[in-house]
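Going down the list, the sequences are from chains G and S. Residues 1 to 274, numbered by UniProt numbering, are exactly what the first sequence covers, in order. Residues 1 to 245, numbered by UniProt numbering, are exactly what the second sequence covers, in order.
Hints should not be assumed to be uniformly reliable.
Derived contacts from chain G toward chain S, CB cut-off under 10 Å, selection only [claimed, not checked]:
id, residue
1, 55
2, 100
3, 142
Stretches of chain G that chain S covers, calculated by requiring three or more beta carbons in the stretch to come under 8 Å of a beta carbon on chain S [as the list claims (entries may be wrong)]:
id, region
4, 62-70
5, 102-113
In silico lysine-lysine, DSSO-like type, Cα no more than 30 Å apart, as pairs [unchecked claim]:
id, chain 1, residue 1, chain 2, residue 2
6, S, 138, G, 65
7, S, 59, G, 41
8, G, 205, G, 30
9, S, 124, G, 41
10, S, 226, S, 69
11, S, 39, S, 124
12, S, 226, G, 41
13, G, 189, G, 30
14, G, 65, G, 30
15, G, 205, G, 115
16, G, 51, G, 65
17, G, 41, S, 206
18, G, 125, G, 115
19, G, 115, S, 108
20, G, 205, G, 65
21, G, 205, G, 169
22, S, 108, S, 39
23, G, 30, G, 61
24, G, 65, S, 108
25, S, 69, S, 59
26, S, 226, S, 108
To be clear, the hints were calculated from the coordinates, so they are not data collected in a lab. These numbers were taken from a predicted model, which means no experiment stands behind them. Don't be surprised by glycine CBs; every beta carbon is placed ideally from N, CA and C.
What follows is each chain in one-letter form.
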Amino acid sequence: MFRNQYDTDVTTWSPAGRLFQVEYAMEAVKQGSAAIGLRSKTHIVLGCVNKANSELSSHQKKIFKVDDHIGVAIAGLTADGRVLSRYMRNECINYGFTYESPLPVGRLVVQLADKAQVCTQRSWKRPYGVGLLVAGLDESGAHLYYNCPSGNYFEYQAFAIGSRSQAAKTYLERRFENFADSSRDDLVKDALMAIRETLQGETLKSSICTVAVVGVGEPFHILDQETVQQIIDAFEIVGEQEGPAAEPDAAAGQGAAAADQGGSTDEGVAPMDI
Amino acid sequence: MNFMASKQPENSLLGPEADSQRTLYPYVTGTSVVALKYKDGILMAADMGGSYGSTLRYKSVERMKPIGKHSLLGASGEISDFQEILHYLDELILYDNMWDDGNSLGPKEVHNYLTRVMYNRRNKFNPLWNSLVLGGVKNGQKYLGTVSMIGVNFEDNHVATGFGNHLARPILRQEWHENLSFEDGVRLLEKCMRVLLYRDRSAINKLQIAKITEEGMTISQPYSLKTYWEFSAFANPAQGAVGSW
Chain G
1 MFRNQYDTDV
11 TTWSPAGRLF
21 QVEYAMEAVK
31 QGSAAIGLRS
41 KTHIVLGCVN
51 KANSELSSHQ
61 KKIFKVDDHI
71 GVAIAGLTAD
81 GRVLSRYMRN
91 ECINYGFTYE
101 SPLPVGRLVV
111 QLADKAQVCT
121 QRSWKRPYGV
131 GLLVAGLDES
141 GAHLYYNCPS
151 GNYFEYQAFA
161 IGSRSQAAKT
171 YLERRFENFA
181 DSSRDDLVKD
191 ALMAIRETLQ
201 GETLKSSICT
211 VAVVGVGEPF
221 HILDQETVQQ
231 IIDAFEIVGE
241 QEGPAAEPDA
251 AAGQGAAAAD
261 QGGSTDEGVA
271 PMDI
Chain S
1 MNFMASKQPE
11 NSLLGPEADS
21 QRTLYPYVTG
31 TSVVALKYKD
41 GILMAADMGG
51 SYGSTLRYKS
61 VERMKPIGKH
71 SLLGASGEIS
81 DFQEILHYLD
91 ELILYDNMWD
101 DGNSLGPKEV
111 HNYLTRVMYN
121 RRNKFNPLWN
131 SLVLGGVKNG
141 QKYLGTVSMI
151 GVNFEDNHVA
161 TGFGNHLARP
171 ILRQEWHENL
181 SFEDGVRLLE
191 KCMRVLLYRD
201 RSAINKLQIA
211 KITEEGMTIS
221 QPYSLKTYWE
231 FSAFANPAQG
241 AVGSW
């Protein structure tokens, strides 16, 4: 991509006022496999695409439970993501011990962002190469945040990160106005549909994706494969019946699903993350 | 004399110098605090006395203070340690407010924080010599709890410290019920405080009653209870006492 004289270390500004190392770290997030999140007033659903290295290996864990009321999906350098998840779990446990109350997700996200910022201002460190979709509940309701390697964080109604996330984002942009009042099950369905958009032709099966839910009265948990497959089967059937009447994007996805032989187009994914 | 440089760590338990580093006994103390849950929130009562041993030395000590938006703290025991606790809580609430994010520490969180502080100090053999009562209302939920100087904590519908445990709680166990009105709650507290006034030597007849509800906290002006000393049984206490021991 860019190769210039201002990108050697993170403590060097470019004349245009950019920190290239931070931007390169954000590239690492874009190269990771997709993760999506969406929320209603009472529930948040996280989903991600899990591609194993080879048929012989298992796939990497990209969704982590942080506490009963908080979970995170990552994209990018999964090792960095694991370390940050451990930090988040620690913070939640310590807060819970002192106050016997769940750590408000908004505060955890700020702490995480401040931690990431430190790495953008020390010559002996490098930015974390992972983007985190943090889903959590607090007093004011359900929240979904995106934490960047730059140390920025944003709150979203729905978002997607990682490779081919634009397709998922387009799908979510069309539908997000309905999410606030969606039921929990509809939200899960929408999450799976968004994941399917990123697969671009490949069949959506529960073996290549992971879905997790957290909501009021429902502690954070990852849905097991069978449940996910059942939900997929339920809407794939409905999808095929709606075939002719569906919008162009959705129709393309369904037509290709019938074709079944979708090979993944590998765009040079970094070996550190699948 | 002591030409050997002291090799003891500052908070060592050994030696006379170390003794001055930790709490041994209280000096200026407050007596009982009594509190109960009522329909709209919490009612708490405490007198305004600060005793110096057996001398009733200070008579305008406010032993109940608001904490943040949602809580009320009452303390018995060493007054200077109570002031220290208020200082810690001040800082805690300050940092909580600095987040400026719509979340705030409620009475349950403050109670647990205090439990951690008290227990940690006890483990270092340097306790804050207080029994604390923490009450409050947040999002419609009423909360009332207590922490002792050794870190024992629990919640209940009515709590008391010190003598209040022995004299007031039996009354409360008989007469407390859910959804007391404000007037009934105050009447019940005054009944308890009157018994304490008669029977606790460190109680003085100048008390305040504090109320905390969802709307906020108010604390009454100091006032005194009517007492009756003309019970005929006590008119001539020595009569009928046969000899001395």
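Here's how the hints hold up against the structure:
no.	hint	result
1	55	violated (47 Å)
2	100	holds (4 Å)
3	142	violated (14 Å)
4	62-70	violated (count 0)
5	102-113	holds (count 4)
6	S:138 <-> G:65	holds (28 Å)
7	S:59 <-> G:41	violated (53 Å)
8	G:205 <-> G:30	holds (23 Å)
9	S:124 <-> G:41	violated (46 Å)
10	S:226 <-> S:69	violated (33 Å)
11	S:39 <-> S:124	violated (40 Å)
12	S:226 <-> G:41	violated (55 Å)
13	G:189 <-> G:30	holds (24 Å)
14	G:65 <-> G:30	holds (23 Å)
15	G:205 <-> G:115	violated (36 Å)
16	G:51 <-> G:65	holds (20 Å)
17	G:41 <-> S:206	violated (51 Å)
18	G:125 <-> G:115	holds (12 Å)
19	G:115 <-> S:108	holds (29 Å)
20	G:205 <-> G:65	holds (22 Å)
21	G:205 <-> G:169	holds (20 Å)
22	S:108 <-> S:39	holds (19 Å)
23	G:30 <-> G:61	holds (18 Å)
24	G:65 <-> S:108	holds (25 Å)
25	S:69 <-> S:59	holds (28 Å)
26	S:226 <-> S:108	violated (36 Å)
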